[in-house]
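Fit chain B to the known structure of chain A by using the hints.
Chains as they are written, first to last, in our numbering: chain A, 7 to 436; chain B, 7 to 436.
Hints in this document: simulated from the structure, not taken from any laboratory.
Derived pair list, reagent style SDA-like, types lysine to any residue, alpha-carbon separation capped at 20 Å: (1) B/K53 to A/Q15; (2) A/K308 to B/G293; (3) A/K53 to B/Q15; (4) B/K53 to B/T84; (5) A/K53 to B/P16; (6) B/K53 to B/R23.
Every value quoted in this text rests on a predicted model; they were computed, and no experiment measured them.
There are 2 protein chains.
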Amino acid sequence: MKTTRADPQPADFTDVRATNLAVVLRHLRANGPSSRASIAASTGLNKATVSSLTGTLIEQRLLRETGLSGNRIGRPGTALALDGSAYAAIGLQIAADRLTALAVDFAGDQLLLWHRQFSTGPADPTGAGPADPTGAGAGDPTGSGVADLTGAAAGSGRAISAVAALAQRAATRVRQHGRQVLGLTVAVPGLVSDGGTVSLSPALGWTDVDLRALLTGSLRQPGLDVAVANHAGLAAVAELRHGGHQAQSDLAYVTGAAGIEAGIVADGRLLHGSRGLTGQIGRFSLGPAGSPTLADLAGIDKLVRRALPGFDPAALTDLTPAVEQVATEARSGDPAVLAALRDTGCHLGQGLALLTNLVNPEVIVLGDHYATLAEWILPAAEAELSRNTLAPAAGGARLVPSALGLHAAALGGAVAHLDRIDTGALPAAP
Amino acid sequence: MKTTRADPQPADFTDVRATNLAVVLRHLRANGPSSRASIAASTGLNKATVSSLTGTLIEQRLLRETGLSGNRIGRPGTALALDGSAYAAIGLQIAADRLTALAVDFAGDQLLLWHRQFSTGPADPTGAGPADPTGAGAGDPTGSGVADLTGAAAGSGRAISAVAALAQRAATRVRQHGRQVLGLTVAVPGLVSDGGTVSLSPALGWTDVDLRALLTGSLRQPGLDVAVANHAGLAAVAELRHGGHQAQSDLAYVTGAAGIEAGIVADGRLLHGSRGLTGQIGRFSLGPAGSPTLADLAGIDKLVRRALPGFDPAALTDLTPAVEQVATEARSGDPAVLAALRDTGCHLGQGLALLTNLVNPEVIVLGDHYATLAEWILPAAEAELSRNTLAPAAGGARLVPSALGLHAAALGGAVAHLDRIDTGALPAAP
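Here chain A stands alone, though its shape is the one from the complex (with noise of 0.2 Å):
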């Protein structure tokens, strides 16, 4: 008989340890510089215990002495601190406008941040644009030592070049600021499988495309830990760790791009689904076939459709200058276009209802252009969340804008694998 995933494993001394140096790591990273008496006091562990985790910590370059304690419990201690110096991990967005790369160290610290403007259709067969406005580097995008991709989907092969030229060049400027690069996530719209095959991405016109694969052997980097996710899901770790929502357990996290999708922490882990293929509110949709989804009430495309009406539809591949523009003619109260927004959020709050009846988060947060436009939107959408919601004051769920910007996806692909040091799985010798 198959036994299930949640069956509990034999544990050993190892898991011992490894649980006891993952409960320093993040009393540290929730708490800031701390002695080893505080951190023993705080923990329940003894301070000879303290004394080895941390001894070994050090030993890793995951923590590091910081001068004196400022805590007052005993006489005052060497403090010590998150080491970022030895380690770093990347995240790559994809949308369907442009790429981002991001790259942060152990300590949280970002060492680059580097956006280009891309394009996956067949329609633009160079896949990277002319542009390059942050200086990530130019030239040709299937340089900088990446192979030849071979087996890439029709239409998709130089795109997945670009992305692998972005990928090559950040982890070299990683290991030029000394840290070795412990892995690399890509953030997706659309359904990942769990073996980091893009099965079906509306937003970018990709079907079964195994991009995991694809930049594996295209980057040529046997010790690189590649990963391919939903950028719903990313950027909702994003929010936990990043977004100041480190308290919350159960928290959604709802994009506002090319598409609405969502990314569930449910009591403090990600929702991931039988297959990973979670978190498509964007589909909502009750009633006889061709009944309008919650993306065809609520999309920042169709907004921007509605309240920009002489806005020409071809320039609408990068929202952004257009989602701006709706906010300058909001801003000067413009009455349709207050009207196109006060639409927006009715609609979105109706989706956000149905999700809260379904998972009760403690939080959602608004993401992308829903944040950039979340002081419109967000009225309505509230009105409408808590009328749709079964529980008083919709279960306690509160609505607010992502503080992290349109990179949260790449900024939780990069977390996600210093998330696993954090649980005391400590990254193997370089």
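Only chain B this time, still in chain A's reference frame:
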């Protein structure tokens, strides 16, 4: 700074032993009687550890020796099996039309299953109806040593007296069977907050009924662990353990009685949300205020009204005879009844697609009356589920009828207490 609930707790050797006790118990529950050598070989624990662990479990009367092992590993050894003779737990299920009490022992054997007619509304001030066809005991529902209820919300007091009386009688019977009662969980439709208060149950007409406190006060059994939880969640727990879905870690159970709710198991754990207020799929609706909800479109009561137009709506407090008549007429090929069933299946499939797009379950179990009518509802529901899920083939989700009948939630209420032992938290001595 508040730390998150997901933070690891320091590990000590007690945790190691609890984890390993859990490994042994779950191995035996999944695989049936096994020798010590076979347990060691299958779990990776060494033989001395297995001897020590099973010694403790035999002493606690959670395991018993049972003749020779049929396992083929090494010499024939004495086989060990789960011992049900010492401990049991009780589940009570409250529906609008009846109460169910069920007890199972630690080995999974059912000790009792009682039903009694029941009415929650103030329209029936005696609380319990006169009929008690199963011999669970008739007479004054506040008898059996149950104290008077004070502080119950208007209209629910006598109903709760009936619940307390049945609980008291079930506990007495289980003790007559020689088992220690580890706990009692009451399954309720609607929103149940973490403390055991029924905040809102449209099906029962209850608002803010502190059922746990009222029952605990009424039963006056200080050692008895009394809990209250949503019926769909408890039914999902029962399906996982007794419904033939032991291998699944991502399962949804859908109630089909008065109202539609879902119990969701994600990665082996019941989805709890921030306050336990999950699973309200019957409220799904998109569109202007007053748009029909999933319960309006696919509810069993709506099906009965449509399929049996001559049926007296006043008779619908107990849906079972009506559902049986629908099945009879469907079997005889009545086209109007078949159309109503197909229509219910279509709408249910659309609602389950919303759930599937969001949480990607491996199996969706149709409970209660949906299970009775599955033969006619399932084909349309499967087609719509597949058509409305973004992932191909509904993301792998299979739609199956429950094999646990109308008392899955009562079973789950009992199982919840016994599951705790399987995590290595052994019961205290009586």
